[in-house]
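Number of protein chains: 2
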Amino acid sequence: MLITHVLAELYDCGGMIEDPVALATAAKAAARSAGATVVGEYEVRYVPHGLTVAVFLAESHIVLTTWPEYRLTLLDVLLCNATMDYELVVASIKDEICPDGQIVTHAVPRNVAKSP
Amino acid sequence: MLITHVLAELYDCGGMIEDPVALATAAKAAARSAGATVVGEYEVRYVPHGLTVAVFLAESHIVLTTWPEYRLTLLDVLLCNATMDYELVVASIKDEICPDGQIVTHAVPRNVAKSP
Chain A
5 MLITHVLAEL YDCGGMIEDP VALATAAKAA ARSAGATVVG EYEVRYVPHG LTVAVFLAES
65 HIVLTTWPEY RLTLLDVLLC NATMDYELVV ASIKDEICPD GQIVTHAVPR NVAKSP
Chain B
5 MLITHVLAEL YDCGGMIEDP VALATAAKAA ARSAGATVVG EYEVRYVPHG LTVAVFLAES
65 HIVLTTWPEY RLTLLDVLLC NATMDYELVV ASIKDEICPD GQIVTHAVPR NVAKSP
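Chains A and B, in that order, are what the protein sequence lines are.
For any residue, its number in the numbering used here is found by taking its place in the first sequence, counting from 1, and adding 4.
For any residue, its number in the numbering used here is found by taking its place in the second sequence, counting from 1, and adding 4.
With the rest of the complex left out, here is chain A:
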């Protein structure tokens, strides 16, 4: 089974990327919109700024890492269910936390199987 792991850079983000609750809320809403199930979350606050917000899913994970000094968010979305719409998840998060920004997306195919 091939699944797609999406990494994306979100540039020109606003102040919301300094709010861990807003980031987690956006990631959870996006996951649920695709039919995924949220099973946990974790937050790291860096000094002097920057966050990692991870949302754990029955279908794997979403991790957001922010660099406020660059107005940048790094997005990492793995949905281990090939029928779920990962593009919807990425677009939903971008629209919520960085609506006026630019996005660069890397879609990496991953082969879930007994051998390469």
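If you're looking for bench data, these hints aren't it; they were derived computationally from the structure.
Keep in mind that the hints are not guaranteed to be accurate.
Where chains are identical, the list cannot tell them apart; a pair therefore holds if satisfied intra-copy or between any two copies.
What the hints assert, rightly or not - Computed cross-link-like contacts, EDC-like style, restricted to lysine to aspartate or glutamate with a CA-CA straight-line distance of at most 20 Å:
no., residue 1, residue 2
1, Lys32, Asp89
2, Lys32, Glu91
3, Lys118, Glu91
4, Lys32, Glu100
5, Lys32, Glu47
6, Lys32, Asp99
7, Lys118, Asp16
8, Lys118, Asp99
9, Lys32, Glu22
10, Lys118, Asp104
11, Lys118, Glu47
12, Lys32, Glu73
13, Lys118, Glu73
14, Lys118, Glu22
15, Lys32, Asp16
Using the hints, position chain B against chain A.
Just chain B, lined up with the frame of chain A:
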């Protein structure tokens, strides 16, 4: 600044991939061997089997997702410090948790900057 986000599939793994403590221990040791600082961890156990183990770093994260039915581990390593040796981290984890397996690596360049 360009950094490298590594995704890797580890095939033909043994029973250690069903042990969340062993996975977290391997990830933390690998991170520390590259000079990274561990700041947290999180674990998800799926039913009937499979794990997600996340280790949070001052330099971002390592996530391992296992599929015991395929003897497979999906590895996700982001080190937000361009001077750290991500190849060492990936090799250390592979050597510890899946020494006799095969690895397929995707090295994704990520542009940490104010614009693409």
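Verification of the supplied hints:
no., hint, result
1, Lys32 - Asp89, "within (14 Å within a copy, 32 Å between copies)"
2, Lys32 - Glu91, "within (15 Å within a copy, 31 Å between copies)"
3, Lys118 - Glu91, "neither (26 Å within a copy, 24 Å between copies)"
4, Lys32 - Glu100, "within (11 Å within a copy, 33 Å between copies)"
5, Lys32 - Glu47, "both (13 Å within a copy, 18 Å between copies)"
6, Lys32 - Asp99, "within (14 Å within a copy, 34 Å between copies)"
7, Lys118 - Asp16, "between (41 Å within a copy, 7 Å between copies)"
8, Lys118 - Asp99, "between (37 Å within a copy, 19 Å between copies)"
9, Lys32 - Glu22, "within (17 Å within a copy, 27 Å between copies)"
10, Lys118 - Asp104, "between (42 Å within a copy, 14 Å between copies)"
11, Lys118 - Glu47, "neither (33 Å within a copy, 24 Å between copies)"
12, Lys32 - Glu73, "neither (25 Å within a copy, 28 Å between copies)"
13, Lys118 - Glu73, "between (43 Å within a copy, 8 Å between copies)"
14, Lys118 - Glu22, "between (41 Å within a copy, 16 Å between copies)"
15, Lys32 - Asp16, "neither (22 Å within a copy, 33 Å between copies)"
Consistency with the previously given hints fails for numbers 3, 11, 12, 15, ordered from lowest to highest.
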